[in-house]
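Here the sequence shown is numbered in the numbering used here, starting from 2 and rising by one per residue.
Hints listed in this document are in silico derivations from the structure and should not be mistaken for laboratory results.
Nothing here was measured: the structure is a model prediction, and the numbers come from that model.
Built from N, CA and C at the ideal position, the CB exists for glycine as well.
Wrong hints could be hidden among the right ones.
[To be verified] For lysine to any residue, the following SDA-like pairs were computed, each having C-alpha atoms within a straight-line distance of at most 25 Å: (1) K104 x L129; (2) K104 x F39; (3) K104 x I12; (4) K104 x V7; (5) K128 x G37; (6) K104 x F75; (7) K128 x T33; (8) K86 x L16; (9) K86 x G117; (10) K128 x A65; (11) K104 x R90.
[Unchecked claim] Quick list of the computed label-pair ranges, beta carbon to beta carbon: (12) V111 x P38: 18 to 26 Å; (13) W62 x G117: 18 to 26 Å; (14) F39 x I12: 47 to 55 Å.
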Amino acid sequence: MARGRVWGVLIALVLLMISVLVNRNPSRDVFTGALGPFPAAFAPGAPVAPDHVVRRTTDEWALAHGLSLRWTGFGMTAVNLRTGKEYWRYERREPKDAVMEFKVSERTAVVGHHDGRLVGIDLRTGKLL
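Please take these sequences and the hints and turn them into a complete structure.
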């Protein structure tokens, strides 16, 4: 009888350890997803500026369609330019995994972290690709 209890306790401990190890490294990424309809672009093409107008910006933000994409230090935020409201947000939970760089294409935002991980995000849905 005592032998059965010992085995039961051992099995319970092994299952508990497996549970702890499996849940020890949950995903460190936070995605809010799209919060509303995808914003329309302001015009069919880029605006034409006179030759004497020069605008230089940092790599901390980008414009794509009707979204302003801004680097937040821990991820990026997409803001609907028409409403000024957050469209979607992506960030890492751990401060040591700060964003090193991000680039934006026609449909995708790519975020590079200091740990070497690249994350692709769909601009329309705000979901991981």
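Taking the hints in turn, this is what the structure says about them:
{"no.": "1", "hint": "K104 x L129", "result": "holds, 15 Å"}
{"no.": "2", "hint": "K104 x F39", "result": "holds, 19 Å"}
{"no.": "3", "hint": "K104 x I12", "result": "violated, 49 Å"}
{"no.": "4", "hint": "K104 x V7", "result": "violated, 57 Å"}
{"no.": "5", "hint": "K128 x G37", "result": "holds, 14 Å"}
{"no.": "6", "hint": "K104 x F75", "result": "holds, 15 Å"}
{"no.": "7", "hint": "K128 x T33", "result": "holds, 8 Å"}
{"no.": "8", "hint": "K86 x L16", "result": "violated, 46 Å"}
{"no.": "9", "hint": "K86 x G117", "result": "violated, 31 Å"}
{"no.": "10", "hint": "K128 x A65", "result": "holds, 16 Å"}
{"no.": "11", "hint": "K104 x R90", "result": "holds, 15 Å"}
{"no.": "12", "hint": "V111 x P38: 18 to 26 Å", "result": "holds, 24 Å"}
{"no.": "13", "hint": "W62 x G117: 18 to 26 Å", "result": "holds, 23 Å"}
{"no.": "14", "hint": "F39 x I12: 47 to 55 Å", "result": "holds, 52 Å"}
Hint check: violations occur at hints 3, 4, 8 and 9; the rest are consistent with the structure.
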